[in-house]
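J.: Sequence:
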Amino acid sequence: APDAPTDPAGSHRTDPPTRRDAHNTARAEFPQALLDRYEPYNIAGAGSEGTVWHVRRLADGTDAAVKIAHPGQAMDMDTLEYLATPEFRRHVPRIHEFGDIAIGPTVCGWVAMEYLPLTFEDQLTRRLRDGKPREDRARTERTVRELTDLLDFWQTRIDRNPLDLKPANILVRQRDGDRRGHPQLVVADFGGVARFTASQSYRDFQITALYMAPEQIVNQNLKATPWWTLGLVLYQVFTGRPLYVLGDEARITDEAWTRGLILNNEVDLSAVTDTRRNLLLQGLLTKDPDDRWTAAEVRDWLKGVNPPVVRSEAPAAPPSAARHANRPITFRGTAHHEAESLAAAMAQHSQEAADWLAVEGGPRLAAWLRDDLQDTSYDSGQLLALRGTPDRSIRAAAAALAFVAVFAPTATPQYRGRRVDAEGIARIAQGQGAVAFVDELLKADVPTIAAGFHCAHPPCARGRCTVLLALADELPRTIEQVRARAHTLDRRDGGPGSGGGLDQRETSAAYGLAAALIVHPGQRKQALLPLAGLPGVLASLVARAPVGVLAVLVRLST
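Per my numbering, the very first residue in the sequence shown carries number -8; after that it's consecutive.
Wrong hints could be hidden among the right ones.
Taking CB as the label site, the calculated pair distances span [said to hold, decoys possible]:
no.	residue 1	residue 2	range
1	Asp150	Asp91	24 to 34 Å
2	Asn297	Ile92	46 to 56 Å
3	Asp346	Lys434	12 to 22 Å
4	Thr266	Lys123	10 to 20 Å
5	Lys123	Gln423	40 to 50 Å
6	Asp150	Arg267	26 to 36 Å
7	Asp150	Gly324	12 to 22 Å
8	Arg18	Ala65	25 to 35 Å
9	Asp382	Arg128	22 to 32 Å
These are computed hints drawn from the structure, not numbers from a lab.
All C-beta atoms in this analysis are idealised placements derived from N, C-alpha and C, irrespective of residue type, glycine included.
Please take these sequences and the hints and turn them into a complete structure.
T.: Structure below.
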């Protein structure tokens, strides 16, 4: 799920842009069908499920957050309708409205909800001093109580299980607060919310591997499951760092973390020296869900009681930097001992990764792969060839994407901060002013590189993405056909430029429609609807026209 934006000053915007602001570039990408209700400020966050916009509600001028699901990502309308119940608002953002919307040839789910820019993760970061949390026992216990109330409320009052309860998915409501003025915590990511069902399976939900409970490895969704996640969150509250970050700042990879859940008896909690806090984490981070603490035990702990903890006698095997035989490489201030860990970080920060490789990072990464890892699975020659090239920034971004494709193929492909899987490129192409960027993607061979990532298309079956390969092959030829064909077609109004090719607006539309039809060939019929009733030769062309000609006809016939 997308992380909410952070306002360091904590102040409310006093002079927002208006609908007449010529510089409001966000309007170009925001769904046109929602502009009669919402004025977009900017993109607040983007993730694997969708994009979140910070907007102004035109009805009353208040701020809101609008989430648009990515094509192919289902949005559970039944869950949204259920969560919109006013009595749930204590731990759920206010849901204004939701539904489906047509974006180009695709239909996407969307929801507008209360705008809460501060995440619990942001709040934890603000509390750090020299890398450690400021000691405030009363505030810390208040945080434990609020998180416990939140999780218990969801399980008992709402009757749903929040399975992805990481700090980035918990928002902080500051304006209302409780009766004492303390902030309220709410769950904002509904993609990981499950009903308590007989099957108890979580396989259809979005789960973050590094916050996964042991039973989730075998697809179990139990009442005790999110209490394990609460233990991981509280570990970060107590120590100032997540449990999956080692003492040398290296991150444990998803694969290594999952392996540890299987092989290790218990979690190493030696960094938590306070005996009471250590006891709490022991109870929550008990591997057997039948023995794990839940709301009753945590509330007893808050009262000063010491509930029993069921632990294995075998000692835990703590992750240690001593296990690493190679020197780390540092990206964005974090040391990485494994290529997989570095690739995961580069996937999340693709523009910074490109900037890093374009300057000092390229030669350093090439040397690290060669000398320290002795890994030849990635062609590091492209890193050494970056210096002195006029298009260095583009080639560096492509090199970063290729590195992630080799070492983190399950990540969402990102190029210079934009999602570039098949659906992502199709959506980019449908935005206003996208022609130059799409041409850059094709020139840098981005679709072919991104085809190395795992995708959800059934025919691809964990091989290379055939949809992206088709896009790389067909889109340039299609656009060439479009431009050639445009010179042979007159505009219906016979106005200036008849038979003279495409203008800027028509070129942009041709790119968008051509990309959409290549990525979603099953929606060809929908794309033909604007052509209904064309006269004479144009009507006969529709039945036999290739994709490229259809793109031209849609614009020239309007």
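J.: Take the C-beta atom of Asp150 and the C-beta atom of Arg267, compute their distance, and say whether it sits inside 26 to 36 Å.
T.: This hint holds: roughly 32 Å between Cβ atoms.
J.: I want to verify a distance hint. Is the separation of the beta carbons of Thr266 and Lys123 within 10 to 20 Å?
T.: The hinted range 10 to 20 Å holds for Thr266 and Lys123, with Cβ atoms some 18 Å apart.
J.: Given a hint of 40 to 50 Å, does the C-beta separation of Lys123 and Gln423 actually sit inside it?
T.: 47 Å, holds
J.: Given the hint of 12 to 22 Å, check if Asp346 and Lys434 actually sit that far apart at their C-beta atoms.
T.: 19 Å, holds
J.: Does the beta carbon distance between Asp150 and Asp91 stay inside 24 to 34 Å, or does it fall outside?
T.: 26 Å, holds
J.: Within 25 to 35 Å or not, the Cβ separation of Arg18 and Ala65?
T.: 27 Å, holds
J.: The hint says 22 to 32 Å between Asp382 and Arg128; measuring C-beta to C-beta, is that right?
T.: 56 Å, violated
J.: Given the hint of 12 to 22 Å, check if Asp150 and Gly324 actually sit that far apart at their C-beta atoms.
T.: 42 Å, violated
J.: Taking the beta carbons of Asn297 and Ile92, is their distance inside 46 to 56 Å?
T.: With Cβ atoms ~53 Å apart, the hint holds.
Of the numbered hints stated above, those contradicted by the structure are hints 7 and 9, listed in ascending order.
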